[in-house]
Amino acid sequence: MDEDITCEPGIGALVREAEVSLLECKVCFEKYSHERERRPRNLACGHVICLGCVMTLVHPLTHTVECPFCRTVSSESSDCFLLLQFLELLSPALNTPQAGARPEGSPEVKWFPGSLTCIHTFGGWGNLINPTSMAFCQKTRSVVVVHDGKNRVKIFGPDGVCANEFGEKGDSVCHIRYPLGVTITQDGYLVVTDAGDRSLKVFDFAGESRMAIRGIFSLPWGVQITPKNEVLVSDAEAGSLHILGIDFQELKLNKVDKIQTNLSSPRAVAVSPVTGNIAVAEHLKPEGSRPAGTRVKVFSPTMQLLGQVDSFGLSLFVPSKLDISAITFDYQGNIIVADATNQTVACLGKPERFPVYRPIITQGLSFPVSLIYTEDNSFLVLDSGIHAVKIYTLDYTL
1 MDEDITCEPG IGALVREAEV SLLECKVCFE KYSHERERRP RNLACGHVIC LGCVMTLVHP
61 LTHTVECPFC RTVSSESSDC FLLLQFLELL SPALNTPQAG ARPEGSPEVK WFPGSLTCIH
121 TFGGWGNLIN PTSMAFCQKT RSVVVVHDGK NRVKIFGPDG VCANEFGEKG DSVCHIRYPL
181 GVTITQDGYL VVTDAGDRSL KVFDFAGESR MAIRGIFSLP WGVQITPKNE VLVSDAEAGS
241 LHILGIDFQE LKLNKVDKIQ TNLSSPRAVA VSPVTGNIAV AEHLKPEGSR PAGTRVKVFS
301 PTMQLLGQVD SFGLSLFVPS KLDISAITFD YQGNIIVADA TNQTVACLGK PERFPVYRPI
361 ITQGLSFPVS LIYTEDNSFL VLDSGIHAVK IYTLDYTL
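Letter by letter, the sequence shown follows residues 1 to 398 of the numbering used here.
Don't take every hint at face value.
Cut-off 27 Å, straight-line C-alpha distance, at most; resulting in silico cross-link-like pairs (BS3-like, lysine-lysine) [unchecked claim]: (1) 252 x 169; (2) 150 x 169; (3) 321 x 139; (4) 258 x 150; (5) 321 x 350; (6) 285 x 258; (7) 285 x 350; (8) 31 x 258; (9) 258 x 228; (10) 228 x 139; (11) 285 x 321; (12) 252 x 285; (13) 255 x 285; (14) 31 x 228.
FRET-style restraints, in silico, Cβ to Cβ [said to hold, decoys possible]: (15) 57 x 120: 38 to 46 Å; (16) 158 x 256: 32 to 40 Å; (17) 188 x 125: 12 to 20 Å; (18) 254 x 118: 39 to 47 Å; (19) 63 x 251: 52 to 60 Å; (20) 227 x 85: 48 to 56 Å; (21) 160 x 300: 30 to 38 Å; (22) 35 x 69: 22 to 30 Å; (23) 141 x 209: 42 to 50 Å; (24) 46 x 219: 43 to 51 Å; (25) 82 x 141: 38 to 46 Å.
For the record, the hints were derived by calculation from the structure and aren't laboratory data.
Beta carbons: idealized from backbone N, C-alpha and C, even for Gly.
Given these sequences and hints, build the entire structure.
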């Protein structure tokens, strides 16, 4: 009993000392946290300061940071995972919520490294050949994948077993030459972008061709359904976004609106099921000494620009160039992207808080090309490198 009494103050003092000596930025004297401004960042010299101070100290011309302690110049910074893990370990003693933990009575999800665990993989070489996109049916929990196989469309059941396949390669209306994107309408139709004949094709789940829309696009790429059951399509060659109003029962095209132009090779697109916000991944061309890269733009449903971030803007977070190959929203409005170059999936936060970079899947991916976030806080990642779909679930115990 006496031993316990003498230990308790010692542990408390140790926690308080750690909070002051280790968990506090020595530039602004604010406590580190998982929030954007207060995340601990490693400089090249090994000293650690918060991201807010890093951004303040960035030289406007050279985009470098001079360490305030040893004057070493850094051209990049990275998350100090040791301190972030230390924060998680001490969170009960510090009376702060642990990152990634599910708050009582709240559906809010705070993404952090390692918060997702792969629980199932299906497909694989022979079943899928160079897959390009996938869609998810919330009602049946079926996964639809378009790929370069003999039958371009494959429908997998919840168990990962192929339930149907169709869409042979060919020149007729019901054939598919080169599918780039796929989505599922609210009334259960499959919509595929076909780069081979620059068309949009509609099928039912049985594989019957319902309609084909040609003569609108130069290179249709990404496709998603809006909360109004309209079809959003990115045109990579024309640099535009289109909204199509289709009566799927009458098989009639009611409207075609070009809602955005002057984009740089827009490919992956996403629509928030909650807010209706639209995110698009642009592929930038090299300009002068600036290399090619990618940029994410987020628009409101009325196409007001809410935020944007590109590879250069994220260079303080990620030392290598980003290649954003897929994009989606979670149910809190955060933008989640797949990075094919770094083989990761990361959260960019909400558009009003750009830039944020939180890697949430850092291992086990080869070439992610499509992302889906489900209502039960799970992720589906289509990995073209291993020709498979990987299902990740949120681990609240971490």
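For each hint, the structure was consulted:
At roughly 25 Å between alpha-carbon atoms, residue 252 and residue 169 fall within 27 Å of each other, so this suggested pair holds. Of the supplied pair hints, the one linking residue 150 and residue 169 holds, its CA atoms being roughly 6 Å apart against a limit of 27 Å. Using a Cα cut-off of 27 Å, the hinted pair residue 321 and residue 139 is violated, with the two alpha carbons roughly 38 Å apart. Note on residue 258 and residue 150: the hinted pairing is violated, with a Cα-Cα distance of about 33 Å set against a maximum of 27 Å.
The hinted pair formed by residue 321 and residue 350 meets the criterion: a straight-line CA distance of about 21 Å does not exceed 27 Å. Of the supplied pair hints, the one linking residue 285 and residue 258 holds, its CA atoms being roughly 23 Å apart against a limit of 27 Å. Among the hinted pairs, residue 285 with residue 350 is consistent with the structure: their alpha-carbon atoms are about 26 Å apart, no more than 27 Å. Proximity of residue 31 to residue 258 is assessed by CA-CA distance (about 47 Å); at most 27 Å being required, the pair is judged violated.
Of the pairs offered as hints, the one joining residue 258 and residue 228 holds, with about 16 Å between alpha carbons and a cut-off of 27 Å not exceeded. Of the supplied pair hints, the one linking residue 228 and residue 139 holds, its CA atoms being roughly 18 Å apart against a limit of 27 Å. Of the supplied pair hints, the one linking residue 285 and residue 321 holds, its CA atoms being roughly 13 Å apart against a limit of 27 Å. Distance check on the hinted pair: residue 252 and residue 285 sit about 37 Å apart at the alpha-carbon level, beyond 27 Å; violated.
A threshold of 27 Å between alpha carbons decides the hint, and for residue 255 with residue 285 the separation of about 32 Å lies outside it, so the pair is violated. Distance hint between residue 31 and residue 228 is unfulfilled; the C-alpha atoms sit about 44 Å from each other, more than 27 Å. Taken as a hint, the range 38 to 46 Å holds for the pair residue 57 and residue 120, whose Cβ atoms sit roughly 45 Å apart. In this structure, residue 158 and residue 256 meet the distance hint of 32 to 40 Å, their C-beta atoms being roughly 35 Å apart.
Under the hint 12 to 20 Å, the C-beta atoms of residue 188 and residue 125, about 30 Å apart, miss the expected range. In this structure the supplied range 39 to 47 Å holds for residue 254 paired with residue 118, their Cβ-Cβ distance being about 42 Å. Our hint of 52 to 60 Å for residue 63 and residue 251 holds, since their Cβ atoms are close to 53 Å apart. The hinted range of 48 to 56 Å is not satisfied by residue 227 and residue 85, whose Cβ atoms lie roughly 39 Å apart.
One distance hint, 30 to 38 Å for the beta-carbon pair residue 160 and residue 300, holds here, with the actual separation near 37 Å. Look at residue 35 against residue 69: about 23 Å separates their beta carbons, and that is inside 22 to 30 Å. Range check, residue 141 to residue 209: Cβ separation about 25 Å, and the 42 to 50 Å hint is violated. A hinted range of 43 to 51 Å holds for the C-beta pair residue 46 and residue 219, which are about 47 Å apart.
A hinted range of 38 to 46 Å holds for the C-beta pair residue 82 and residue 141, which are about 39 Å apart.
Going down the numbered hints, you'll see the structure goes against 3, 4, 8, 12, 13, 14, 17, 20, 23, while the others check out.
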